[in-house]
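Top to bottom, those sequences are chains A and B.
So the number in this note's numbering is just where the residue sits in the first sequence, counting from 1, plus 504.
So the number in this note's numbering is just where the residue sits in the second sequence, counting from 1, plus 685.
Please keep in mind that the hints were generated in silico from the structure rather than gathered at the bench.
It is possible that some hints are incorrect.
Derived, one-sided and incomplete: chain A residues facing chain B with beta-carbon distance under 7 Å [unchecked claim]: (1) F578; (2) L688; (3) A712; (4) I717; (5) G719.
For clarity, every value in this text was computed on a predicted model and none was experimentally measured.
From the three backbone atoms N, C-alpha and C, an ideal C-beta is built for every residue, glycine too.
Listed below are the residues making up each chain.
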Amino acid sequence: MPCKHVIGHGPELARALAAWRSVALSSAPAAALELRPLELDPAAGQAALAAALDGLDGLDDEGASAFVALDARFLNGMRLDLMASLRLRGIAMPALVEPGALVAAGVRMDDNCWIGAGAIIQHGSRISFNTVIGAGAIVGSGVTVGHSAWIDEGVVIGRGARIGAQVTLGLGVIVGHGRQIGKLCIVDKAGRIEQDIAARTFIHATHAQPIVIIGA
Amino acid sequence: MRSRMPPQAYIDEAWFARERALLFKPLWQFVGLKVMLDKHNAFITRTLFGIPVVVQNFHGELRAFENICPHRQNPIQVAPHGVRPLFCGYHGWSFDREGATRIPHEDALYRFAQEERACIHLRRFALEVVGNLVFVCLAETPLPIRQQFGAAMLASLTASSLAYDSEVIMTTYEGHFNWKLAYENLRDGHHPRYLHARSLYQDVKFEASISEEGVAGLHRLQQAGIGDRNRALGLMRSFSGGGRDAPMAAPPDEPYHAYVERYRDQDWYYNWLAFPNLHIASANGGHAFIIEHHIPVAAGRTDLVVYYLTAKKKQSYASSAAVLHAHMMGADVVMREDIAVMEQIQRTLHPGARSPHLGDYEYINASLELWYLDLMEGNFAL
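Using the sequences and the hints, build the whole thing.
What follows is the structure in structure tokens.
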């Protein structure tokens, strides 16, 4: 029976395990899949995380695969680091498309992507590795979403929009057609975005004005 | 002791206008960071006490001007920061490092008389760079900056700010309180154990204390008065200071610390208070710095422009943006605790409110208010 290491933290780990079970059960015929969860403490530091991964058994087994389920903390960087660590170990990390998601033919989706139940990804879009598209989100045609983005539940991205790497779009965000959101941005304030947003801009509902990073 | 500060000093717009003229206009004001102005045509804009100011880099030289086109009074630079020539997008007027104007189609469309043309230039303000900190003065005859802060404070600001990295995160909080509540709060070392009990005080155990020498000095001031302008300037310099404040509860330890050149090597909370309205601190022993600039907007409104940066990077690292964002969101908790209490006080104040009672540990705030009221009463001028 193939095994899948599901590695992560908190509610995302629990949801990913449930989703992989649903995927196995919904395939016809139902597939046998051994799930091996590993709960990590994201605050434990790089050395502790590396040690936990080193202790995993069965990474080299035939048919073994892995999936990383972490939230958007640290500008999605923790999920990215964890995924990169696993990739270096050479294990397959196929995308998770939950039952009920509608992904059009021709959509390109890379490793460790997670498409939530009821999400709709329209024709010609590209979802780069390690990106999470929440349940019920709508991604219009021809959209590009960079790696390690976090698109929250119910977010709408208009056709032709470009979402940079490690971007977080929070609840209630609607990105207008063709708009561009630079890498490492957070938009966590409900509303429709009709202007491009420069990289490293953080728009929080709690803040009257955007937070921005200048320089390098 | 009973404070002499009337509630009008915090809530009255006429008082605020007088304060702007007597206190802020003559003094040097922080306007931004040199690292934000590190290339030709880089600029920052701020509105200081109702006056729009642009600081622009002209081939490495920083100049400050009033950010108003002399033609139709459009702001010349519209964004808060960026890289763009000093050029008005309304009718194409542009300006050089002296503020002199180039007017397209001048002869065909404007036909200014020679006398009038000679007056068409930008209003320039004095500018000083202290390490990485850029200050402007809106007065026509600026006070030497050394007389405002003192040589030791300037040296400390220079040394510490030269440790700043060039990657900066910033935002503005729109506070609904009088700016003086901020400086009083910052000079009150007793509030962190209560107001910040679950945030900053966990990391740094601030201990308020009474300086008998400071209290004696306050009593002398109360009896003899501030004295002449020179003594007033000397006392004002004593309101600015900086360096080590309190030891950290535990050594700072974050992965990024290995990637930056720490300012000094001591596990202390560093604190710089530059009177009247600039606060700089390092809550993690010189690995990162927060800069809070309190810009008075109205009697009951203060903008807090907040910058956060690490010490200089030894090398680029992938998570530097995430580090800055995490620091900013951590500082946000403490800032909101302070803002909430200052806004509560502001809402409570009314024209008939009684003056506060200060303890001896608040001798600095008590001295400051004596100085401030003397200034506002016209007993000396800056």
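Evaluated hints:
1. Interface restraint check for A/F578: the shortest CB-CB distance to chain B comes to about 4 Å, inside 7 Å, so the restraint holds.
2. With 7 Å as the threshold, the beta carbon of A/L688 comes within range of chain B, its nearest partner Cβ sitting at about 5 Å, so the hint holds.
3. Interface hint status for A/A712: upheld, as the beta-carbon distance to the closest one in chain B is roughly 5 Å, under 7 Å.
4. Satisfaction of the interface hint for A/I717 is found here, the shortest Cβ-Cβ separation to chain B being roughly 5 Å, below the 7 Å cut-off.
5. Interface hint status for A/G719: upheld, as the beta-carbon distance to the closest one in chain B is roughly 4 Å, under 7 Å.
The structure is consistent with each of the numbered hints, conforming to all of them.
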